[in-house]
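Engineer: For reference, the chains in residue letters:
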Amino acid sequence: GESVGLHLPTLSVQEGDNSIINCAYSNSASDYFIWYKQESGKGPQFIIDIRSNMDKRQGQRVTVLLNKTVKHLSLQIAATQPGDSAVYFCAENRSSNDYKLSFGAGTTVTVRA
Amino acid sequence: DTEVTQTPKHLVMGMTNKKSLKCEQHMGHRAMYWYKQKAKKPPELMFVYSYEKLSINESVPSRFSPECPNSSLLNLHLHALQPEDSALYLCASSQEIWAGELFFGEGSRLTVL
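First to last, the protein sequences are chains A and B.
Start counting the first sequence at 1; every next residue gets the next number (the working numbering).
Start counting the second sequence at 1; every next residue gets the next number (the working numbering).
The following block holds chain A by itself, in its conformation from the complex (with noise of 0.2 Å):
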């Protein structure tokens, strides 16, 4: 069916390593991405976003890549900080009659002091 999944549902880091957290997607008609990341007790925050006729898009210490030949999406986080510990979703939105923004399940990340 057509769905936003991770890789993997839970990630340990070591503070100030890199983080990569991975995204797959099955629907080729996606062509909008947001990565959110969800604290304890808290609502989703919006992180970074990319549309699909970009590759790469960088922020605050975070990239996001886009792979649309094997339509995998995934976030990077540079030097990763303990206040980085939160699940982070990928949520795709596509440009159709039938589109809404679909949450993939989730990555729990944990940061090693």
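Derived from the structure by calculation, the hints contain no laboratory data.
No residue lacks a Cβ here, since even glycine has one placed at the ideal position from N, Cα and C.
Each hint should be verified, as a subset may be incorrect.
Claimed, not checked - Subject to a maximum C-alpha distance of 30 Å in a straight line, what follows is the list of computed BS3-like cross-link-like pairs (lysine-lysine):
id	chain 1	residue 1	chain 2	residue 2
1	A	K42	B	K22
2	A	K42	B	K53
3	B	K18	B	K41
4	A	K42	B	K38
5	B	K19	A	K100
6	B	K40	A	K42
7	A	K68	B	K9
8	B	K22	A	K100
9	A	K71	B	K40
10	A	K56	B	K40
11	B	K19	B	K9
12	A	K71	B	K53
13	A	K56	B	K18
14	B	K41	A	K100
15	B	K9	A	K42
16	A	K100	B	K40
17	B	K9	A	K71
18	B	K9	A	K100
19	B	K41	A	K42
20	B	K41	A	K68
21	B	K41	A	K56
22	B	K19	A	K42
23	B	K18	B	K53
24	B	K19	B	K41
25	B	K53	A	K56
26	A	K68	B	K40
27	B	K41	B	K53
Unchecked claim - Just so you have them, the derived chain B footprint on chain A, three or more residues with Cβ under 8 Å:
id	stretch
28	39-49
29	56-68
With chain A fixed as given, assemble chain B onto it according to the hints.
Structural biologist: Just chain B now, kept in the frame of chain A:
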């Protein structure tokens, strides 16, 4: 002001009670959303309002009744809920329906006894 405010933060209710969840945004957004999120799961879409009109109802049981009194407010009326309805209820808004980033509130944690 880039906030979506939800009240109450926590709600405990019995199966025969009637209660309401409230959501407010002052960003001039014309689309507002209700999501339900169970523990360790991604948010699931319930309802979408666009220009104060209900656009999407994801086959939600009638014991959940949404209301959009004006462009800044979104309510979710609850009646005769079941224990399995216990979850985090998230409100979100966006400039237009499914256009760009969704801004989420902190959520209302609902427990049905």
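Engineer: So, for every hint listed, does it hold in this structure?
Structural biologist: We went through each hint and held it up to the structure:
1. A:K42 / B:K22: It holds: about 16 Å lies between the C-alpha atoms, which stays within 30 Å.
2. A:K42 / B:K53: At roughly 27 Å apart (the allowed maximum being 30 Å), B:K53 and A:K42 satisfy the hint.
3. B:K18 / B:K41: Distance of about 26 Å is within 30 Å: holds.
4. A:K42 / B:K38: Holds. A:K42 to B:K38 sits at ~13 Å (cutoff 30 Å).
5. B:K19 / A:K100: This hinted pair holds, its Cα atoms lying about 28 Å apart.
6. B:K40 / A:K42: Distance of about 13 Å is within 30 Å: holds.
7. A:K68 / B:K9: Not OK: A:K68 and B:K9 at ~40 Å, beyond 30 Å, violated.
8. B:K22 / A:K100: Measuring from Cα to Cα gives roughly 23 Å; hence the hint holds.
9. A:K71 / B:K40: Since the Cα atoms of A:K71 and B:K40 sit roughly 24 Å apart, the hinted pair holds (cutoff 30 Å).
10. A:K56 / B:K40: holds (29 Å)
11. B:K19 / B:K9: Given pair B:K19, B:K9 holds - Cα atoms ~13 Å apart, limit 30 Å.
12. A:K71 / B:K53: violated (35 Å)
13. A:K56 / B:K18: violated (48 Å)
14. B:K41 / A:K100: Answer holds: B:K41 to A:K100 is near 18 Å, not above 30 Å.
15. B:K9 / A:K42: holds (10 Å)
16. A:K100 / B:K40: holds (21 Å)
17. B:K9 / A:K71: violated (38 Å)
18. B:K9 / A:K100: holds (27 Å)
19. B:K41 / A:K42: The given pair, whose Cα atoms are some 14 Å apart, holds under the 30 Å limit.
20. B:K41 / A:K68: holds (26 Å)
21. B:K41 / A:K56: With a Cα-Cα distance of about 27 Å, the restraint between B:K41 and A:K56 holds, given a limit of 30 Å.
22. B:K19 / A:K42: Roughly 22 Å between the alpha carbons, so the hint for B:K19 and A:K42 holds.
23. B:K18 / B:K53: Satisfied, since the Cα-Cα distance of roughly 23 Å is no more than 30 Å.
24. B:K19 / B:K41: Within the cut-off at roughly 24 Å; holds.
25. B:K53 / A:K56: With Cα atoms ~36 Å apart, B:K53 and A:K56 exceed 30 Å; violated.
26. A:K68 / B:K40: holds (28 Å)
27. B:K41 / B:K53: Status holds; Cα separation ~28 Å.
28. 39-49: holds (count 7)
29. 56-68: violated (count 0)
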